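2 protein chains.
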Amino acid sequence: MRLQTLKMTKIKVFSLCYSLVFFILITNAQEHPNLILTKKGVENIKRQLGSVPLFDKTLAKVKNEIDQEIKSGIHVPIPKDMAGGYTHDRHKKNWYVLQKSGILYQLLEDDKYAMHVHSILKEYAKMYPKLPLHPEERSYARGKIFWQCLNDANWLVFASQAYDCIYNFLNNKERKFLEENLFIPYANFLSKENPQFFNRIHNHSTWGNVAVGMIGLTLNNEELINRALYGIKTKNLDHNLTDNDGGFIIQKGQKAGFLANLESPFSPDGYYTEGPYYQRYAMYPFMVFAQALQNKKPELKIFEYKDNVLIKSVTALLNLTDQNGDFFPINDAQKGMSYYSKELVSAVNIAYHFGGNTAELLDIAQKQGSVQLDETGLNVSLDIKQNKIKPFLKKSIELKDGSQGDKGGIGILRSEDKDHELVMKYTAQGLSHGHYDKLSFSYYNKGDEILQDYGLARFVNIEQKNGGGYLKENKSWAKQSIAHNTIIQDETSHFNGEYKTGSIHHSDKYLFDVTNSKLKIVSAKESNAYPNTKLHRTLVLFEDEEFEEPLLIDVMQFTSKNIHQYDLPLYYHGQIIDFNFENTTPPKLLPLGTKNGYQHLWLEGRANLKNKTAQVTWLNKNKFYTFSTLANEGDQCLFTRIGANDPKFNLRKDPGFVIRKSNVKSGYFISTIESHGSYSSVSETAKNAFSNILKIENIVVKDPNYMGWSITTKRGNVHTFILCISNNKKDVSHSINLNSSLINWLGPYYYIKN
Amino acid sequence: MRLQTLKMTKIKVFSLCYSLVFFILITNAQEHPNLILTKKGVENIKRQLGSVPLFDKTLAKVKNEIDQEIKSGIHVPIPKDMAGGYTHDRHKKNWYVLQKSGILYQLLEDDKYAMHVHSILKEYAKMYPKLPLHPEERSYARGKIFWQCLNDANWLVFASQAYDCIYNFLNNKERKFLEENLFIPYANFLSKENPQFFNRIHNHSTWGNVAVGMIGLTLNNEELINRALYGIKTKNLDHNLTDNDGGFIIQKGQKAGFLANLESPFSPDGYYTEGPYYQRYAMYPFMVFAQALQNKKPELKIFEYKDNVLIKSVTALLNLTDQNGDFFPINDAQKGMSYYSKELVSAVNIAYHFGGNTAELLDIAQKQGSVQLDETGLNVSLDIKQNKIKPFLKKSIELKDGSQGDKGGIGILRSEDKDHELVMKYTAQGLSHGHYDKLSFSYYNKGDEILQDYGLARFVNIEQKNGGGYLKENKSWAKQSIAHNTIIQDETSHFNGEYKTGSIHHSDKYLFDVTNSKLKIVSAKESNAYPNTKLHRTLVLFEDEEFEEPLLIDVMQFTSKNIHQYDLPLYYHGQIIDFNFENTTPPKLLPLGTKNGYQHLWLEGRANLKNKTAQVTWLNKNKFYTFSTLANEGDQCLFTRIGANDPKFNLRKDPGFVIRKSNVKSGYFISTIESHGSYSSVSETAKNAFSNILKIENIVVKDPNYMGWSITTKRGNVHTFILCISNNKKDVSHSINLNSSLINWLGPYYYIKN
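Protein chains in written order, with full-length UniProt numbering: chain A, 1 to 754; chain B, 1 to 754.
Bound conformation, chain A alone (with noise of 0.2 Å):
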C-alpha cells in the first residue's frame, strides 16, 4: 500500500514535472526564434526582403543550394572517414544544410525547409545513441561524427541554431525524440565526457564551450549555459596532458569556459594569441554566441566584456591582413585564408552590428559580397544601400600580446601608400600552434610576397595528405627557426623548439614608432631564445626620393657570452638575376644539417663573403628586388631550396638564402632590401633593373648604448642612422660623438642624409 501510494507520488510528480516541461516548453516555443534570428527580426527581415541587394544576392543563393540539396535527399552516412573522406565531409555539408534550410524556413515561410531540418536530425537522433567513438584513433579527443571533438562542436553549433528556427515546427513529442536522444548526450559528451577537450584554454574549447551553450539557450538549459560560460570541474585532468600539436591541456590556476576563454587568449588589443588563423577559426564561435548571448541575456553585455574585446578583435584581425585580404600566416596558419572566408562574414556583420556601426567595417562587408542572414547582415546591407561606406584604411599598427597586453606582440609597418607591407613578430609562444620564430618577419608587396613566412605543413581537408591533418612535417620543418626569417645559433631551435620554455617567455617591444611617415621603425628584443644571449632586432621602413619604392632595413644584434654560429636565412620567391659574389655550385645537392629543419634544407651553392656589401638581386612577378647586407671576412652565403627529407613531396621547394656568420660572440646582421623596377614581357623592357645601394657600412659608435650603420646610394648620398638600444623613451636626449662631432638629438634614433 505504501508502496502504491509512493508510486502514484510518483507518478504524480512526474505527471506535474512534465505539464511544467510541457508548459515551459510551449512558453519557449513562443519565443523561437531567438538564439541567432529572432522573431522581431525575421518581421524586419521580411519587410525589406526584395530591397535591400546585397542580402538579398546572398539569400537567393542560400535558397538555391539548398533547394538543390533537398533534391538530392538526405544523407546521413555511420562515420568513417579522416577529414578530406566522404562521412567526414557529408556531415560538414550536413551542418550548414541545418543552419541554412532553418534560416530559409524563417524567411521563406516555406515548411520544406522546416521538414527537411527536422528529416535530417531525426537521423543524426537515430544514429547517435548507438554511436561508438569515431574509428580514427589518432585525436586526443575523439569525436563520434568525427574523428575528433572539435569537429562535432562544429555541428552542434550549427545544428542549434537549425533546431531554434524550427522549434516551433515541431511538436513536443518530436522535440523530446531530438533532445533526449541528440542534443542533450551530444552537448554531455562534448563537456563532461571530454574534459580535455571541454576546459582548455584553446579554439578547441572555445568551439566546445559554443557547442554546449548554443544548444543551452535553444533549450533554455540554465545549467548547459552555465558549464560554456564557465566550464566544468574536473579535477582529473594531469598537468602533462597534451594535445596533438603537443599544446598542454591544463596549466596551473587556469580558469575553464568561454569567459576564460575570451578573457586569457585575447590580449586588450584584440589580438589572439594563436595568431589570426586560429583566430578567424575561433571568431565565429565567439562572435555567434556572444550574438545569441546579447539576444537571450542581454544583463550579460558580454560585447562590452574585457572592454569591448571582440569588437575589438574584429578590427585587429583585419589589419592582420596583406592587401588581398589574405591573413598573414603566423604560427600555424594556411596561406590563403582571408577575410573572405565565412567566418568573417558573420564577424564582420555581427561587429557593425552591436559595435556601433562603424562604417569602415561596410567597406569589408562589400567585398566580401555577402552578409549573414540575420539582422546583422540586414543592417549592414541596409547600410551599404544608403551608402554610409567609408574606405577601410589598414593602419601601420601594433597589437600587443598576452591578456594584460603585456607578452610582446605583432608590429605591422605600412608603407605611405600602403603597398609594401613588414609583419614583426616578438609575442608570446602562441600555445599548441605556435611557432619557433621570435623576432621573425614577412614583408609584402601589393599582396605579392616578398619575403615569406612559411606557413604550415598541412594541406587542410584534402585527403590524400594524412586525412587533411597536420603533417609530420610541420614539426620537423614548419615550427622550426630555420623555417622562418629570423636569427638561429648553432643551428638549434628557439628554445630548443621546446612548447614547455618557449610558452613561459615572450619578446618584448623595443619601439614601434610610426610617426614618422618616412621612416617608420619597429623593434624588439628577445632574451630567453638562447641561453646567455641576447638579440635585438630593428625594422625600418624607410622612404626618400632616392628609392623607387621604400627600403626596408634589417638590423639583426645578436650579443652571446660565448662563441656561435648565427644563420639568418631569407625566404624570397622567383628567380636569381645576379650576385656581387663567386658562389660555388656542388655537383650533388646535400641537406644544410641533419636535424631542427636544417634537414629539409638542399644547399644549392656556397659563397664566402668578403668584406663588403654583399647583394643578390632577383626577378619575382616582374618586380626587381635586391638584397644588400654588410659582410665581414669569414661570412658565407648559402643558396638553399626547401625538400630535403620529403619524401611524400609535403613541402613546397621554395628558394632560400642563408648569411651565416660563424664563431662569433656578438655582431650584426645589417641588411637592407630594396624594391625596384619592373620587367615587361610583353615589350620585353627592364625598368630600373639595379641596386641603387653602393654600400652599407657599420658606424662604430665607442658608447655602447649606441649603434649606428650608414647606407651610401650609388648617387652619393649617405643615410646615417643611429639608435640607442638601451633607452627607448621619447623624451630622452642623446648627444654622442660622430665623425668627430658631436650630434644631439631627441628620442631613441637619430637619422640624417648626407
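Everything labelled a hint here was simulated from the structure, so no lab data went into it. Each hint should be verified, as a subset may be incorrect.
Which copy is meant is left open, because identical chains are indistinguishable; a pair holds if it fits in one copy or across any two.
Stated by the list, open to error - Calculated lysine-lysine pairs in the DSS-like style (CA-CA distance at most 30 Å, straight line): (1) Lys367 - Lys92; (2) Lys92 - Lys621; (3) Lys472 - Lys588; (4) Lys93 - Lys687; (5) Lys623 - Lys446; (6) Lys623 - Lys475; (7) Lys312 - Lys112; (8) Lys122 - Lys390; (9) Lys610 - Lys472; (10) Lys367 - Lys446; (11) Lys418 - Lys753; (12) Lys588 - Lys367.
Predicted model, so just to flag it, every value in this text is computed and none were measured.
Chain B: place on chain A using the hints.
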C-alpha cells in the same frame, strides 16, 4: 679647251642632274607623307579626331609620352652597351621617339615635333660617318648603333617613317645632309656591307630588307627598293657560315630579299616556321612594309601575295595564343609575349584594313586597347565605335609548316568550352631558333599551363643575364629533347641535337580530326629523330559525362630495330598530392645524366613501377590533375627538378617526372591526364580530389595495322579506342576481331563506351 668644254659640260650635266634631282625632290616633297601615313589619310584622321575613342586615347597617350620626352632633351650617346645597357636602351627608345614624334607632327601640326625629329636625326647624321663597328664583338653581324645589325635595322624601319613625316618640313640642304651622312650609308651598311645578315631566309634578314626598303620608299630610291625586295647579288658567302644561334646563313639555291622571306618561311596556312614568338617579332616589318608597298606600289598587290599569306598569318598567330593571349612557346620563345605586344596591335590593324575588314579582328583590337596611329588604326577605331565587333573564337586548328605546307605542322585541340588547349608540334626544325622536340606537346587550362614547354633560356633585355642575350643553358637545356614533353631514346636528343640533320627533316601529320566535338584527335609520325626508329604519337582530347573536365589521352608508340631506353618526361606545375607506388627519395641529389640536357635535372625520387596503372596527382592553382599511365614491370617513374649544373641560377627550378622504359625494342606509352576538382583555401574544401580512372589497359590487336587501349573508370565503365596506324583515310572501312566479336567501322579510329 676640250677639257674646259668637258668640264663645263660636266658642270652643266651636274647642274642639270642636280636640278632634276631637285625637281624630283620637290615633286616627292609634295607627296609626303606617303609611306605609312599618307596625305589623304592624315586629312581623313584629322577630320575624325575627337570622335574616335580608341584612336583618341592612343594619340593622347603618345602625345603625353613624347611631350615628356621632348622636355628631357636629345640623347644620342656613342654606342657602347649590350642589350639592357644604357646606350642600347637609349637608341632603342630613340627609334620610337622618332616615329611617334613624326606622327604627332602630321596629326597635330605642331612644329615642335618635327623639330624634335630633325634634331635627333641630325645628331645621328653627325655621328654616323665616323662610327666604327659596335665595340661588342659577339654577333655574326655586328652593327654600329647596336651590337648587332638586327637592332640597327630596327632603328631604320622606324626612323624612315619619321623622316617621311617631316620630309616636307625640311629644306633641301637639310635633307641632303641627313641622306648623305646617315640614311644612304646606313642602308648600304645593312645590305652590301653585311650580306651574311641581309641575304638570309630569317627574321633578321626580314628586318634588314625592310629597313632598306622603307628608306628606299621614302627616298623614292628604286635601287634600294629592289635591293630590299630581291636581296643582293653575292657569291662570297660560305655555305658553312652560321649565325650566333648555329643557324646557317645561306643554303643552296636560296633566294633572298623581302619576297623570298615572304615566300619561304610562311606556310600556305600563314604559319611561320620559326614559331609564333619570332613570327610576332617579324610581323611588324612584314606588315608595315607591306602597308608601305601597298601605299606606294599598289601594283605589287603585296597583300594578295601567295594567296593572301600575310593576312592569313595574322589569324594564324592569333590562334597560336592561349586564353590569356600569350603565344604558345614553340621553339625559342620567351613566355608572356602575347597579342598585347605592339607588333600585334600593328598587325591586327593592318590586317583589318587591308584584309577585308574581318569583324573578329576588332575583338582582339578592342582587347589590345590601342591602335596604330594611321588610317588602319582609324579604320579599326571607327568600326569598334560603330560596334561592328564579332567575337574572335579560337578554334581547334591545324597550321601546316613548310612553304608548300608539306612539312608537318602544329595541331591545336581546344575543348568545347575552350578552357583546355592542347598544342602538338610536328613541324620542321624552325630554322636556327628551333628546338629538338618532335611530337612534343603542351597543355593549358584557362590559360594556365598544366604541362609546360620550357620556352627559351634567356631574359630578354635584362642586362645582368648575359646582356639580355641567349644564355648557354638555351643550348645545353632548353633546346634539348629532355626539356620537352616528348620521347627520348637513350638519353640522346632528336637528331643527336644536330641542326644540320634536324634541318633536313620534318615530322608528318597522320591525323587531325576535330569533327567529333567530344573526341578530337591529332596524331603524327616521326621517322628521322633516331636511326632505325619510328615514333608515332596520338593525342586525344576526350569529353564524356564521366569526366568533369576534358580527358587528355596520350599514346606514344615507338618501334625500333634495336633495344633502347625510352624516357617520356612531363613538366607539371604545383605540388604533388599523391602517387600510387613506392617512391625512394635519395639522401643526396644527383643529376639525372651528364649530357643532352640530362645534366640539368636533379633526380628527386625514383620508383619502380609494377605491372599496372601508375598514377600521380598534383595540385596547381587550386585545381587537381592526375596523370595515369599503363606501366609494365621494370618501368620507372623518376621525379625530377630542373636546376642542376646551373651555377648562375639561369634556369627555373620547375618540377617534372619521367616515365622510363628500359631495354625495349618497341612499345607504347599510354597515358591520360585528368583535370579534376578544385581546392579553396578560403573555405578549405577539396572537391573531386581523386582521379576517376581505375585502370588503363592495352588492347592487343593481332593485326599489326592496329593498336588499341581501354580506360576503365571507377564507376566501372570501359572506354575502348582502336586506332589504325597504317591508313589515315577517312573513307576506308575497317574490320577486326575484338574480344572474339567482329567490329566494323569507317575511318582511322574506333571508339565505344561499355
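Item to check | In rising order, the numbers of the hints this structure does not comply with | outcome: Per hint list: 7, 8, 12 violated.
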